[in-house]
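Peer 1: Protein sequence lines correspond, in order, to chains Z and D.
The working numbering applies: residue 71 is where the first sequence begins, and numbers increase by one.
The working numbering applies: residue 2 is where the second sequence begins, and numbers increase by one.
Hints listed in this document are in silico derivations from the structure and should not be mistaken for laboratory results.
Note that beta-carbon positions come from the ideal geometry of N, C-alpha and C, so glycine has one too.
There may be inaccurate statements among the hints.
What the hints assert, rightly or not - Example chain D residues on the side facing chain Z (calculated, C-beta under 8 Å, incomplete):
id, residue
1, Ile44
2, Arg51
3, Gln60
4, Tyr66
5, Thr67
6, Lys105
Claimed, not checked - From the derived model, a few chain D residues whose C-beta atoms are all more than 12 Å from chain Z:
id, residue
7, Lys58
8, Phe65
9, Glu162
10, Leu423
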Amino acid sequence: MADDKDVLRDVWFGRIPTCFILNQDEVTEREAEPYYLLLPRVSYLTLVTDKVRKHFHKVMRTEDAEEMWFEYEGTPLKWHYPIGVLFDLHASNTVLPWSITVHFKNFPDRDLLHCPSNSVIEAHFMSSIKEADVLKHKSQVVNDMQKKDHKQLWMGLQNDKFDQFWAMNRKLMEYPTEEGGFRCIPFRIYQVTFLFSSCV
Amino acid sequence: MAAVTGNTRTVMTDSTGESQRGGRVLAPGRGGRSAETRWKRHIVGQLKHRDLSQHAKFQDLIRFYTQLLDRTTLTKGILSGSVRRPSSDSSISSLLHRNNQLKKTTGELAYQVVQLQQQIKIKECVLGEQHARRAEERRRLAGAFDARQELHERVEQVQEENGGLKTDYDALLERQRGAETKLREEKVRGGRLLEDMIHLKQQAAAHMNSRNERKSRAREANLQKELQTAARSKVTMDSCSSAPTSRSSSPNTADRTESSERRHRLFRSASVTSPRILSSIRELFQKRRGHSVSSLQEDLQRPVGICVSARVPERALHTLEAHEQGINAVRFSSSSDLLATGGTDRVIKLWEIRAGALTHRATLGGSTEGITCIEFDPTGLRILAASYDKSALLWRLDDSVPKLTLTGHSRKVTAARFSGCLHQVVTGSADRTIRLWDLHRAACVRVVEVASYCSDLICSENCIISGHFDSKIRVWDTSNSSAHKNAPLPSLQLMIDSSVFQSHASIDTP
């Protein structure tokens with residue numbers, strides 16, 4: 071793992087230039103300027119878009135601000151997918167920066183999950199970790215880890231701290247050397263349809 | 002297998018268990034390290050490309066945009082601040098707040114400035130001290146340099162002096178060598194002169210010898226003539242003639258020979274033994290009469306050899322086994338009818354000389370070691386002998402037991418002599434002393450320390466002459482009345498190459 075550190079860093083620090091544009095239908099006091107941001111690929115939309123919300127809240131009336139949701143060219147963007155996945159899935163061939171439309175009204179309950187707070191995102195993230203570890207280590211490692219270690223993983227992701235995250239993640243990525251690799255490798259395949267499936 | 006490992010790699014890099022990235026080509030591996038590294042490099046390259054195209058380009062742009070946005074909002078806020086009081090108040094208060102903050106910071110900075118100035122002063126003091134120390138060190142260094150210079154000069158001086166001394170020394174050496182060569186030359190010359198002198202003396206002696214020979218021949222001729230005339234003439238017999246009648250030759254000739262004997266005793270034939278020469282010489286000088294029986298007898302038996310020149314004896318007249326071991330001393334008595342011999346066998350034997358032969362008369366014992374020297378006293382009645390047993394012994398003539406033993410020396414006594422007076426004896430010994438003894442008391446009256454051991458000594462009336470191992474002859478003066486008071490002083494010292502054995506003959510010739 072150590073010799074792949076450059077690759078790990080490149081993966082972690084991957085960014086997508088994004089342009090957030092407020093939907094014209096939204097009622098604003100004055101014209102809202104688009105907000106540009108470099109989004110980390112490994113993170114989740116609702117985790118990193120606080121600034122967007124603040125920016126757009128400045129030009130809106132407070133009573134109109136409901137839960138923020140994003141869509142790209144008509145497709146609502148599911149926040150529980152990582153940002154990199156969303157980009158590669160929907161807009162990998164488009165011109166950069168990636169233009170996302172920000173909505174505050176008409177939350178599509180059928181398409182998207184609600185995200186009231188960061189703890190929801192944390193729960194989703196931790197469940198993914200545990201699922202993966204079941205396949206890798208029969209969930210021994212993740213169960214041996216203490217609560218503070220789980221927290222460290224989450225905080226590393228949330229604050230974009232590579233070393234903090236990988237200090238804990240290293241344990242999850244260790245494999246017994248005599249086997250030369252993991253017996254079972256978890257991966258997920260995403261398709262641009264409503265359903266998604268996870269396989270081994 | 003390689004494809005699976007490729008999958009492993011991609012999923013591992015994506016720890017959250019998410020999908021493959023679109024647009025990434027997985028190299029279908031052939032297995033082996035090169036394939037592994039190749040796809041790795043491929044992946045790395047892809048990542049970098051993505052990073053470049055998506056991230057790096059937009060990074061600065063977005064940053065500047067947000068900054069601009071912030072500034073515009075701020076300015077918008079400030080511009081619109083004049084309309085809305087609370088916001089302006091807030092801005093003023095914020096400004097005041099900022100003002101206070103700035104004042105605080107200036108105060109802190111002023112305090113820091115003061116502190117720093119104090120530190121500067123301290124450092125300057127330290128610097129001043131160091132300068133002072135440096136100056137002092139410089140002075141000391143200069144002092145050391147001067148001292149070194151002085152020492153250098155002194156060294157040079159000393160070297161010059163040494164050079165001068167050396168030249169002096171060389172000059173002296175040259176002179177010494179010159180002097181040495183001159184000395185050698187002088188020695189050679191001296192040697193040559195000595196040879197010449199000896200040669201001259203030899204010539205003179207030869208001359209004298211020839212003269213003496215001529216004279217003797219002349220006298221012989223005269224004698225012959227007289228004999229012939231006497232033979233021819235008739236002479237009446239005299240009753241006082243002492244010649245025995247049993248001789249074959251005529252009494253006249255006996256008479257004549259006797260008279261001529263007396264006059265010409267010196268001119269004996271060469272066949273005379275050494276004691277006879279000694280005795281004859283002694284007779285000549287001391288005017289004593291000795292028995293002439295044997296000499297007359299010989300002359301009568303050989304009428305031819307009457308007067309011939311005196312020569313060193315060549316062959317012994319008589320040989321006798323006298324002692325069991327070596328003989329060290331032989332002495333005639335003063336009346337020359339007794340011979341005493343002594344040697345390693347610790348006895349002295351007395352011999353009477355009769356008819357040309359020695360007959361044993363007496364043996365004197367009493368010494369515990371060998372005899373070194375024998376002397377008869379002037380009366381001929383006592384014999385003094387020196388012995389290896391560190392004593393000198395005195396016998397009466399016919400006593401076989403010594404009358405006196407003089408002990409006192411610590412080593413062998415080499416010589417014992419009667420001194421000028423009858424009752425004093427002088428002994429010389431190997432213990433480097435010469436002792437004077439008084440015979441009446443049989444005690445040593447004086448001890449004289451000499452530097453070397455005395456091998457022989459003789460006495461005359463006023464002096465004692467001793468010969469020593471260190472090649473010196475010492476002459477001691479005993480002429481003053483009481484020998485106690487005066488130390489006999491050496492009055493003559495001769496250097497001779499080998500040790501000297503003195504004999505009467507050499508001393509008594511003037």
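Peer 1: Does Ile44 (chain D) pass the interface check with chain Z, least Cβ-Cβ distance below 8 Å?
Peer 2: Where the cut-off is 8 Å and the nearest Cβ of chain Z is about 7 Å from Ile44 (chain D), the hint holds.
Peer 1: Identify whether the interface hint at Lys105 (chain D) stands, where standing means a beta carbon of chain Z within less than 8 Å of its own.
Peer 2: violated, 31 Å
Peer 1: Would the hint on Gln60 (chain D) stand, with a C-beta cut-off of 8 Å toward chain Z?
Peer 2: Holds, because the Cβ-Cβ distance from Gln60 (chain D) to chain Z comes to roughly 6 Å (cut-off 8 Å).
Peer 1: Let me know if the C-beta of Arg51 (chain D) comes in closer than 8 Å to any C-beta of chain Z, holds or violated.
Peer 2: For Arg51 (chain D), the interface hint holds, since the closest Cβ of chain Z sits about 7 Å away, which is under 8 Å.
Peer 1: Measuring Cβ to Cβ, find out whether Leu423 (chain D) lies farther than 12 Å from everything in chain Z.
Peer 2: holds, 137 Å
Peer 1: Verify the interface restraint on Tyr66 (chain D): the C-beta must sit less than 8 Å from at least one C-beta of chain Z.
Peer 2: At 5 Å from the nearest chain Z Cβ, Tyr66 (chain D) passes the 8 Å test, so the hint holds.
Peer 1: Less than 8 Å between beta-carbons is the criterion; does Thr67 (chain D) satisfy it with respect to chain Z?
Peer 2: Holds, because the Cβ-Cβ distance from Thr67 (chain D) to chain Z comes to roughly 7 Å (cut-off 8 Å).
Peer 1: Confirm or reject: Glu162 (chain D) is not an interface residue toward chain Z, with every Cβ-Cβ distance exceeding 12 Å.
Peer 2: Answer for Glu162 (chain D): holds, closest chain Z Cβ roughly 83 Å.
Peer 1: Are all beta-carbon distances from Lys58 (chain D) to chain Z longer than 12 Å?
Peer 2: Lys58 (chain D) is in fact no farther than 12 Å from some Cβ atom of chain Z, at 7 Å.
Peer 1: Quick one: work out the minimum CB distance from Phe65 (chain D) to chain Z and report holds if it exceeds 12 Å, violated otherwise.
Peer 2: violated, 10 Å
When each numbered hint is compared with the structure, violations occur for hints 6, 7, 8.
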